[in-house]
Every structure is written in structure tokens, then in C-alpha cells.
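Number of protein chains: 2
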Amino acid sequence: MTNTSAVEVHTQSEAPVILSPAQFLDYWQGNRRLTRRVIEAFPEDPPEDQLFSFSVGEMRPFGVLAWEIHQVSELTLTGLRTGEWPMPEWRNGVSQDRAELLSAWDGLTAQIQKELPQVNPAFFSQMHALPWGEMSGWAAAIYNIDNEIHHRAQGYVYLRALGIEPPPFPSYMGP
Amino acid sequence: MTNTSAVEVHTQSEAPVILSPAQFLDYWQGNRRLTRRVIEAFPEDPPEDQLFSFSVGEMRPFGVLAWEIHQVSELTLTGLRTGEWPMPEWRNGVSQDRAELLSAWDGLTAQIQKELPQVNPAFFSQMHALPWGEMSGWAAAIYNIDNEIHHRAQGYVYLRALGIEPPPFPSYMGP
Chain A
1 MTNTSAVEVH TQSEAPVILS PAQFLDYWQG NRRLTRRVIE AFPEDPPEDQ
51 LFSFSVGEMR PFGVLAWEIH QVSELTLTGL RTGEWPMPEW RNGVSQDRAE
101 LLSAWDGLTA QIQKELPQVN PAFFSQMHAL PWGEMSGWAA AIYNIDNEIH
151 HRAQGYVYLR ALGIEPPPFP SYMGP
Chain B
1001 MTNTSAVEVH TQSEAPVILS PAQFLDYWQG NRRLTRRVIE AFPEDPPEDQ
1051 LFSFSVGEMR PFGVLAWEIH QVSELTLTGL RTGEWPMPEW RNGVSQDRAE
1101 LLSAWDGLTA QIQKELPQVN PAFFSQMHAL PWGEMSGWAA AIYNIDNEIH
1151 HRAQGYVYLR ALGIEPPPFP SYMGP
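Protein sequence lines correspond, in order, to chains A and B.
FYI, our numbering numbers position 109 of the first sequence as 109, with every residue one higher than the one before it.
Take the position in the second sequence, starting the count at 1, then add 1000; the result is the number in our numbering.
Think of the hints as simulated: they come from the structure by calculation, not from any bench.
Since the structure is predicted, the reported quantities are computational estimates derived from the model, not experimental observations.
Glycine included, C-beta positions come from ideal geometry on N, C-alpha and C.
Each hint should be verified, as a subset may be incorrect.
In silico SDA-like pairs for lysine to any residue, Cα to Cα no more than 20 Å straight-line [as the list claims (entries may be wrong)]:
no., chain 1, residue 1, chain 2, residue 2
1, B, K1114, A, A15
2, A, K114, B, E1014
3, A, K114, A, S103
Per the computed footprint, the stretches of chain B lying under chain A, defined by three or more beta-carbons under 8 Å from a beta-carbon of chain A, are [unchecked claim]:
no., region
4, 1016-1022
5, 1039-1045
In isolation and in its complexed conformation, chain A is listed as follows (with noise of 0.2 Å):
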């Protein structure tokens, strides 16, 4: 890039060359396999299901974080789809069963494996008009990504707590 100008770089660097949408779908898909495998990780001491009972510093249940990674996924996919970005119930579908959850989690896997592809390509590097802001199509994508980390690692903290070895991090990189 020695011999690059200033200009070149500029126009380079606008230029959405780093990721492809086939790309995007592995990523997504390599992290919802880990948080499934976070979510069983916890230990079902019946009457008590510690994935949605157990919780650091007064924090929600790493259960009740996992149907917020969910119903954002879900959003997430609409709104890439579709352009509309309707807000679910939060408190609504937030059930105390695992095999649910579970259920839930799977037809999602099952809706984005199928739906991910029919997005526009273009829609990615467009802006739009979220109820939170306006932003790129990439920005809405990653932010859900995002967010299935940050609570994932949470959940990592938890099983740490329960003195329960996580799976290991990340081993869902593709390529």
C-alpha cells in the first residue's frame, strides 16, 4: 500500500469488501451453536433448572438472557428481511422451560439457515431507519451479533460460578 494515495485509501477503505453475506451466515450460525451449547451447559437440578434460577451480582438467569438473544435474533432477521423492525412482547414467550427454549432456539437456527439468504445483499451497506437510529444494514446485523456475545460471556461467568467448565471460546470460527 506503499505506493497508494491518500485518495485510493479513502475510496478503498468505503469500498464493503471485507465480509459476504454467505460469510455472515456461517458467523451467525458458528454462535448459535455456542450459545446452545452454553444454554445445556446448566446444570437441571429438578425442581430447580439452574439456567433459569442461578444469576451473579443480581443479574437476570442466564435462561431469561438466552430468550432475550432470541427474540433480538428474530428481530433481527425481520427487520434484515423485511426493512420493519417490530419491537416484541420482551416479557412474553420468557418461559421457565428449557425443552422450550430449546424448541424455540432450533426453529430459529432452522428460519435463519432458510430466510438469511433471501436478504438483499444491498440491504447491508444501505442505511435505514431503525427505531433506535439510523444505520447501515451491517451495523443492525453485527449489533445482534453483539449482543449474543456479551450475554453468552455472561453465561460463562455463571457456569465458572457453578464451578461448571464452559465450552471452550470461540470455536466457531469458520472461514
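Once you've looked at the hints, dock chain B against the given chain A.
Same frame as chain A, now just chain B:
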């Protein structure tokens, strides 16, 4: 996309159309600003700095995690620029001095701002032989961010366990 054939969908999905180098720079720097705020949020109670003493579940204190983030970020910047990925001495430079950490942090922030735009944009979509496997420049770059989000989120739990309100998440979303 309903009128697009499967072949076209496939071709489009392989094209790196989602993210520009300029957006990636903003995204990385936004993450760094938030992590810096988390570092600063830990109470300093001399002679014991909670940044380097407090932890949950026998995990590493947040100051040590922050040094790891720093080292991985430095390594990643070098790798993206040169294609070389020399492993750092993980235990070196991990001082218990908060001012030293923040100074190294700010130095690297300036270096990223200056040097990331010098990375050949083609690097991101090409495959590279990293010490931990063959992957694209994208995968190498995003692993670095994921590692930062993952460990920073663990700092959020430590702060909550200390009774301290962490900085709002994500707070760094740009275009």
C-alpha cells in the same frame, strides 16, 4: 429476491458486500472506547486495585483480561498489516499498574487508527494460514472483536457483583 434464481443467490452470497474497511475501523474503535470505560469503572481502593484483584468463579481479574484483549488486538493489527502472526509472550507486559494498561491501550488505539487503513482491503476476503488454522482475513479480524466483547462482558458481571452499574451496552454503534 423472489425472482432471483438459486444460482444468482449463491453468487451474490459469496460476494463481500457487507462491510467496508472504514466501517470495520469505526466498529473496532467503538468497541475499544467501551472496553476502556469498563476498565475505568473498576474501583481503585489502594493498596488493592479491584481491577487486578476482584474476580468471580476463580476467573482472571478484569485487568488481566484487558491485557489479553490488548495483546490479541496488537497481534491482529500486525497480522492484518503484514500477514505474520507472531505469538506474544502472554505473561509479559501484564502489569498490575492501571496507568500502564491505559497508556498501552491508548497507544494501540492511535496505532490502529493510523495503520488499519493501510491494510490491503483484499486481505480480508483472502484465505490465510494462521498459526491456529486456515481462515479469511475477515475471520481473523472478527475473532479479535469477539474476544474483546466476550471478556468485556465478563467484566460487566464483575462490576455487577461489586454493586457497580456498568456502562450501557452497546453504546458504540456507528454507521
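Right, here's what the structure says about each hint:
no.: 1; hint: B:K1114 to A:A15; verdict: holds, 18 Å
no.: 2; hint: A:K114 to B:E1014; verdict: holds, 16 Å
no.: 3; hint: A:K114 to A:S103; verdict: holds, 17 Å
no.: 4; hint: 1016-1022; verdict: holds (count 7)
no.: 5; hint: 1039-1045; verdict: violated (count 0)
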